[in-house]
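Student: What follows is the residue order along each chain.
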Amino acid sequence: QKEVEQNSGPLSVPEGAIASLNCTYSDRGSQSFFWYRQYSGKSPELIMFIYSNGDKEDGRFTAQLNKASQYVSLLIRDSQPSDSATYLCAVFPKLIFGTGTRLQVFP
Amino acid sequence: DTGVSQNPRHKITKRGQNVTFRCDPISEHNRLYWYRQTLGQGPEFLTYFQNEAQLEKSRLLSDRFSAERPKGSFSTLEIQRTEQGDSAMYLCASSSRLGSSYNEQFFGPGTRLTVL
Numbered sequence: 001q002k003e004v005e006q007n008s009g010p011l012s013v014p015e016g017a018i019a020s021l022n023c024t025y026s027d028r029g030s031q032s033f034f035w036y037r038q039y040s041g042k043s044p045e046l047i048m049f050i051y052s053n054g055d056k057e058d059g060r061f062t063a064q065l066n067k068a069s070q071y072v073s074l075l076i077r078d079s080q081p082s083d084s085a086t087y088l089c090a091v092f093p094k095l096i097f098g099t100g101t102r103l104q105v106f107p
Numbered sequence: 001d002t003g004v005s006q007n008p009r010h011k012i013t014k015r016g017q018n019v020t021f022r023c024d025p026i027s028e029h030n031r032l033y034w035y036r037q038t039l040g041q042g043p044e045f046l047t048y049f050q051n052e053a054q055l056e057k058s059r060l061l062s063d064r065f066s067a068e069r070p071k072g073s074f075s076t077l078e079i080q081r082t083e084q085g086d087s088a089m090y091l092c093a094s095s096s097r098l099g100s101s102y103n104e105q106f107f108g109p110g111t112r113l114t115v116l
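Residue numbers (our numbering), protein chains in the order written: chain A, 1 to 107; chain B, 1 to 116.
Read the hints as simulated data drawn from the structure, not as lab findings.
Any given hint could turn out to be false.
[Said to hold, decoys possible] From the derived model, a few chain A residues whose C-beta atoms are all more than 12 Å from chain B:
(1) Gly16
(2) Gly54
(3) Asp78
(4) Ser84
(5) Val105
[As the list claims (entries may be wrong)] Using C-beta positions, here's what the derived DEER-type ranges look like:
(6) Gly3/B with Lys56/A: 38 to 44 Å
(7) Gly3/B with Gln104/A: 24 to 30 Å
(8) Glu52/B with Gln80/A: 39 to 45 Å
(9) Asn22/A with Thr76/B: 22 to 28 Å
We put the CB at the ideal spot given by N, CA and C, even for glycine.
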């Protein structure tokens, strides 16, 4: 079992829809969870982080964490074609990234 | 530009040659990280520094790899006797305790290494 698992996708959603990206992790000692966006050929850029169980909202993005289920998700509301990218889940303090989910938002 | 910078952006070398990459972190950041990323994979942790001290090294970092951060500012990553399997994007990131934690890392543009 990989320490951080993500569905590689692609996840295809129409413009304006909600995109839901999921990540599971195996280490119960994990303390903080990060979502990065990576456009093709570019480096990752931080979108959001979450430490506590529950939801955290930032603009069109909502991160959800459930430590009991070892599950973290990212919701993108009102998806735009410019959101098309690979979304990486990262788990700290072990500095482990998932393989990423490729999101495609079509007009 | 006050972000993380990396040089060179691209490097093509022949198998067996040595290569060195440089990373300049965000100026007030005292932690610096090196990652390697191959196509279709997430970044793989290689090593990190707090100031000039190298605090952790991944098992992925073979004896051919060495990293330094001599004055706690910029860092170099050297790969000796390169192999074709070393072809990857090498990413540098930095972070600081000025935020809520050390964990908010900011990445540089990366150095793409191609070993022929």
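Student: Are all beta-carbon distances from Gly54/A to chain B longer than 12 Å?
Tutor: Holds, since 17 Å exceeds 12 Å.
Student: Taking 22 to 28 Å as the hint, is the beta-carbon distance of Asn22/A and Thr76/B inside that range?
Tutor: violated (38 Å)
Student: Starting from the range 24 to 30 Å, see whether the pair Gly3/B and Gln104/A falls in it by beta-carbon distance.
Tutor: holds (28 Å)
Student: Is it the case that Ser84/A keeps its Cβ farther than 12 Å from each residue Cβ in chain B?
Tutor: Per Cβ check, Ser84/A is outside 12 Å of chain B; nearest 17 Å; holds.
Student: Report holds if the minimum CB distance from Val105/A to chain B is greater than 12 Å, and violated otherwise.
Tutor: Fine: 20 Å to the nearest Cβ keeps Val105/A off the interface.
Student: That 39 to 45 Å hint for Glu52/B and Gln80/A (C-beta), does it hold up?
Tutor: Roughly 43 Å apart at Cβ, these two residues keep to the hinted range, so it holds.
Student: Evaluate the condition: distance from the CB of Gly16/A to the nearest CB of chain B exceeds 12 Å.
Tutor: holds (29 Å)
Student: Test the statement that Asp78/A is away from the interface with chain B: the closest C-beta pair must be farther apart than 12 Å.
Tutor: Non-interface label stands for Asp78/A: nearest chain B Cβ at 25 Å, farther than 12 Å.
Student: Could one say that the CB atoms of Gly3/B and Lys56/A fall in the range 38 to 44 Å?
Tutor: With a Cβ separation near 25 Å, Gly3/B and Lys56/A fall outside 38 to 44 Å, so the hint is violated.
Comparing the model with each numbered hint stated earlier shows that hints 6, 9 do not hold.
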